[in-house]
Amino acid sequence: MDKTQNNKAWFLVLPVLVVVAFSAILPLMTVVNYAVNDTFGNNEFFWQGLVWFEEMVTSSRLHEALGRQILFSAIILAIEVPLGIYIALNMPKKGFWASVCLVLMALPLLIPFNVVGTIWQIFGRVDIGLLGHYLAELGFDYNYVSDPIDAWITVIVMDVWHWTSLVALLCYAGLQSIPNAYYQAARVDQASRWAVFRYIELPKMAGVLLIAVLLRFMDSFMIYTEPFVVTGGGPGNSTTFLSIDLVKMAIGQFDLGPAAAFSIMYFLVILLVSWVFYTVMTNLDKEEGK
Amino acid sequence: MAQITLKNLAHSYLATPKGEQDYALKEMDHVWQDGGAYALLGSSGCGKTTLLNIISGLLKPSQGRVLFGDRDVTEAETAERNIAQVFQFPVVYDTMTVRDNLAFPLRNRGKDAAYIARRVDQIARMIGMEATLDRKARGLTADAKQKISLGRGMVREDVNAILFDEPLTVIDPHMKWELRTQLKQLHREFGHTMIYVTHDQTEALTFADKVVVMYDGRVVQMGTPEELFETPAHTFVGYFIGSPGMNLLPAEIRGSTAHLQGAAVPLGAAYGPITGRTQIGIRPEYAVLTEGDGLPITIRRVEDVGRHRIVRGEVAGQMVSVIAPEGMPVGASLTHVRFTPDRINVYADDWRVAPAGGAA
Numbered sequence: 001m002d003k004t005q006n007n008k009a010w011f012l013v014l015p016v017l018v019v020v021a022f023s024a025i026l027p028l029m030t031v032v033n034y035a036v037n038d039t040f041g042n043n044e045f046f047w048q049g050l051v052w053f054e055e056m057v058t059s060s061r062l063h064e065a066l067g068r069q070i071l072f073s074a075i076i077l078a079i080e081v082p083l084g085i086y087i088a089l090n091m092p093k094k095g096f097w098a099s100v101c102l103v104l105m106a107l108p109l110l111i112p113f114n115v116v117g118t119i120w121q122i123f124g125r126v127d128i129g130l131l132g133h134y135l136a137e138l139g140f141d142y143n144y145v146s147d148p149i150d151a152w153i154t155v156i157v158m159d160v161w162h163w164t165s166l167v168a169l170l171c172y173a174g175l176q177s178i179p180n181a182y183y184q185a186a187r188v189d190q191a192s193r194w195a196v197f198r199y200i201e202l203p204k205m206a207g208v209l210l211i212a213v214l215l216r217f218m219d220s221f222m223i224y225t226e227p228f229v230v231t232g233g234g235p236g237n238s239t240t241f242l243s244i245d246l247v248k249m250a251i252g253q254f255d256l257g258p259a260a261a262f263s264i265m266y267f268l269v270i271l272l273v274s275w276v277f278y279t280v281m282t283n284l285d286k287e288e289g290k
Numbered sequence: 001m002a003q004i005t006l007k008n009l010a011h012s013y014l015a016t017p018k019g020e021q022d023y024a025l026k027e028m029d030h031v032w033q034d035g036g037a038y039a040l041l042g043s044s045g046c047g048k049t050t051l052l053n054i055i056s057g058l059l060k061p062s063q064g065r066v067l068f069g070d071r072d073v074t075e076a077e078t079a080e081r082n083i084a085q086v087f088q089f090p091v092v093y094d095t096m097t098v099r100d101n102l103a104f105p106l107r108n109r110g111k112d113a114a115y116i117a118r119r120v121d122q123i124a125r126m127i128g129m130e131a132t133l134d135r136k137a138r139g140l141t142a143d144a145k146q147k148i149s150l151g152r153g154m155v156r157e158d159v160n161a162i163l164f165d166e167p168l169t170v171i172d173p174h175m176k177w178e179l180r181t182q183l184k185q186l187h188r189e190f191g192h193t194m195i196y197v198t199h200d201q202t203e204a205l206t207f208a209d210k211v212v213v214m215y216d217g218r219v220v221q222m223g224t225p226e227e228l229f230e231t232p233a234h235t236f237v238g239y240f241i242g243s244p245g246m247n248l249l250p251a252e253i254r255g256s257t258a259h260l261q262g263a264a265v266p267l268g269a270a271y272g273p274i275t276g277r278t279q280i281g282i283r284p285e286y287a288v289l290t291e292g293d294g295l296p297i298t299i300r301r302v303e304d305v306g307r308h309r310i311v312r313g314e315v316a317g318q319m320v321s322v323i324a325p326e327g328m329p330v331g332a333s334l335t336h337v338r339f340t341p342d343r344i345n346v347y348a349d350d351w352r353v354a355p356a357g358g359a360a
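Which chain is which? The protein sequence lines are A and B, in order. For the record, in the first sequence the residue sitting at position 59 is 59 according to the numbering used here, with numbers rising by one throughout. For the record, in the second sequence the residue sitting at position 273 is 273 according to the numbering used here, with numbers rising by one throughout.
One chain only, chain A, in its complex shape:
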């Protein structure tokens, strides 16, 4: 069918364009400006070209932070996705307890990030924290302030506690949309529990599950507040993830040029990975439809 061509319609997009320009594009451009110039204040800029980018790409400090970041996101996804699915599968489907579970699951999601950080910061302290104190009582040598492994465990457990609910709730919504006849048919067909999961539950969850993975990846890759409140990136640099490192560089050391170059690359990496996810998602859909 031929569509009517009316290029004047583009003017309707103009208000949105203006708003987006002021809220997103212009601030981003100032970052670009910092990334390609050097400045000593007074609004004086000296052209640097790609020097900051070169410095950042070869910086071992950034490489280490990136490595830690990838490891962190990988661990988070590996724990939260299967755990979320498992919880969703075992939640009651209806009735009073279904509502109770939903409310309990939603609670961690409603707590502000820095409060979550503070809760775990205190919870894990060996002197006054419930967790830290009793772990010490039980004979564990636990101290997230001085031991990098303990710090990692604390940060990961905290994130799992905070965000597994999101995966579980999304999966739960997907599961609720499966008509009972599917389970009945599976019983008639003598399908095993695994087959029911593989051929009925997983395909119906696939859509929301990919959204969950995408959200958890982006959030964990940009994580800042909670580990910053709990460990401050330490001990040493052991829990210094990309955004913590970025803030240290920009605000702590006032290296605005490198920090700007860093944040642009950071942004592009997230954009790239999200795009890859999106493409894989839509391609999967197409293949299934063949």
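Just so you know, these hints were derived from the structure itself, not from any lab. Here a beta-carbon is modelled for each residue, glycine too, at the ideal position from N, C-alpha and C. Be aware that one or more of the hints could be misleading.
[Stated by the list, open to error] Simulated crosslink set (BS3-like; lysine-lysine; CA at most 30 Å straight-line): (1) A:K94 <-> B:K184; (2) A:K93 <-> B:K26; (3) B:K210 <-> B:K184; (4) B:K7 <-> A:K204; (5) B:K60 <-> B:K136; (6) B:K210 <-> B:K111; (7) B:K111 <-> A:K93; (8) B:K60 <-> B:K210; (9) A:K204 <-> B:K111; (10) B:K18 <-> A:K94; (11) B:K210 <-> A:K93; (12) B:K60 <-> B:K18; (13) B:K60 <-> A:K94; (14) A:K204 <-> B:K60.
[Claimed, not checked] Calculated Cβ distances over 12 Å to all of chain B for the following chain A residues: (15) T4; (16) Q121; (17) V213.
Following the hints, complete the assembly by docking chain B onto the known chain A.
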């Protein structure tokens, strides 16, 4: 394959049913002969699906036993019962190909690959889907999906029974005929016990040797289509089967005569004393319009349905339908209606009363 016996079976969806009205399925005893083709007919919500799910083990009955042959399977899981069931709405495994869908029940039971391949090809031919065997089931039309569901129901040869729960609801009319004929043919070929739930009487009467009519959680009659037509055991059967349904007129029965508001209608047989609310039932096919013989009728409406005309009129204050054969002029001179005496059934409190002589 086995005979399926239901003993004192009843089911309520409530945990503590208080009275009979709480039961979706009232207490019943019923036997499904091995190899029979049954239709389970009734209006929506009368308990057909409940009964089916109890037979297949998807639902545990509140009371009573289910027997396959001599074996009590009341506590047995669906899988153990070795039953196939096709649901009202298509259930397909989206991510599998059509071929894998059809093979799924066989693979789960560990049949060997050569047998599965042969059987799947057979079924695919039967449902006319050979061309799409290697396609993913996702994205197929609703009736293609339902054909897959039907195919999956029929793919196992050793099942105790195949249960169909209004399987052709989503299929278009032309295909309905074809699939029903194929089901029938399949039944003749393999002799599986088949129970076919439907609320469409044409579907029931063409598919089954025996039709089981359910009403309000009860089996009210089981019989051949002819029995259901000639001697409905319950007024519901009379009303539900036939188009239009049976005419029911309140009447007082004395011997071999029914009295309706002063008029007398001769009956085909004599009846003993009857208690309760009595009615006579007469099929529109057995009522004839006359010029003076029988009961006075006021004609309200004539509907021409092609093959014949349906005359709607009022007799003794009750609406009555009469079928006038094609070619018979319906004019003002037809003022009376005569009921064929030996086609009249007598009902007390909605249940058919047998004549005193003992004849059916």
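Do the hints match the structure? See the list:
Our distance criterion of 30 Å between C-alpha atoms is broken by A:K94 and B:K184, whose separation comes to about 41 Å. The hinted pair formed by A:K93 and B:K26 meets the criterion: a straight-line CA distance of about 29 Å does not exceed 30 Å. Taken as a hint, the B:K210 and B:K184 pair is honoured in the structure, with Cα atoms around 13 Å apart against an allowance of 30 Å. This hinted pair does not check out: B:K7 and A:K204 have alpha carbons roughly 40 Å apart, beyond 30 Å.
For the given pair, B:K60 sits about 35 Å from B:K136 by alpha-carbon distance, which is inconsistent with the 30 Å threshold. Between B:K210 and B:K111, the direct Cα distance comes to roughly 33 Å. Violation of the 30 Å bound is thereby established for this hinted pair. For the proposed pair B:K111 and A:K93, the alpha carbon gap of about 35 Å is over 30 Å, so the pair is violated. Pair hint B:K60 plus B:K210 holds up; C-alpha atoms about 26 Å apart against a cutoff of 30 Å.
Between A:K204 and B:K111 the alpha-carbon distance is near 28 Å, which keeps this suggested pair within the 30 Å criterion. Distance hint between B:K18 and A:K94 is fulfilled; the C-alpha atoms sit about 24 Å from each other, no more than 30 Å. For a cut-off of 30 Å, the pair hint linking B:K210 to A:K93 is broken: about 40 Å separates their Cα positions. Distance check on the hinted pair: B:K60 and B:K18 sit about 19 Å apart at the alpha-carbon level, within 30 Å; holds.
Proximity of B:K60 to A:K94 is assessed by CA-CA distance (about 20 Å); at most 30 Å being required, the pair is judged to hold. The suggested pairing of A:K204 with B:K60 holds, with an alpha-carbon distance near 28 Å, which does not exceed 30 Å. At the 12 Å boundary, the C-beta of A:T4 stays outside the reach of chain B, the nearest C-beta of that chain being 30 Å off. For A:Q121, the non-interface assignment is confirmed: its Cβ lies about 45 Å from the closest Cβ of chain B, beyond the 12 Å cut-off.
Consistency note on A:V213: stated as away from chain B, and its beta-carbon is indeed over 12 Å from all of that chain's, at 18 Å minimum.
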